[in-house]
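Let the hints inform the model, and build the full structure from the sequences given.
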Amino acid sequence: MTDDTEHPLLKPAWRCRTCGIAWPCSAAKLRLLGRYRGRPDELIEHLKALQAEATEHLTELYGGKTPEGLTERFTGWVKAR
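1 is the number of the first residue of the sequence shown in our numbering; add one for each residue after it.
Treat the hints with care, since some could be wrong.
[What the hints assert, rightly or not] If you anchor each label on the Cβ, the simulated ranges turn out as follows:
#1 38 <-> 59: 32 to 40 Å
#2 63 <-> 39: 36 to 44 Å
#3 19 <-> 62: 14 to 22 Å
#4 52 <-> 26: 31 to 39 Å
#5 48 <-> 21: 30 to 38 Å
#6 65 <-> 35: 31 to 39 Å
#7 42 <-> 71: 16 to 24 Å
#8 31 <-> 64: 30 to 38 Å
#9 34 <-> 59: 28 to 36 Å
#10 56 <-> 31: 22 to 30 Å
#11 35 <-> 71: 18 to 26 Å
[Stated by the list, open to error] Below, in silico cross-link-like pairs of lysine-lysine (DSBU-like), each with a Cα-Cα straight-line distance of 35 Å or less:
#12 48 <-> 11
#13 11 <-> 29
#14 29 <-> 79
It is worth saying that the hints were derived from the structure and are not from the lab. C-beta: ideal position from N, C-alpha, C; glycine also.
Below is the structure:
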């Protein structure tokens, strides 16, 4: 989702450039839901790929320790809908 101009992803920190919170922020989630409307399986696959990349980046940034909650952060919110 690096093409989102209002709430873009800042790598390797995986934060929203606009909000400063963990990406995907609420605005990015809404945009993703709109972009993948009617295609939840494609959205999940996209988010899983981003989660894998985030895991690599964040584990490196956290000195080899993988941050907790990445599954909920990246895909858990989609399933709840």
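Please name the hints from earlier in the document that this structure breaks, with their numbers sorted from lowest to highest. 4 and 5
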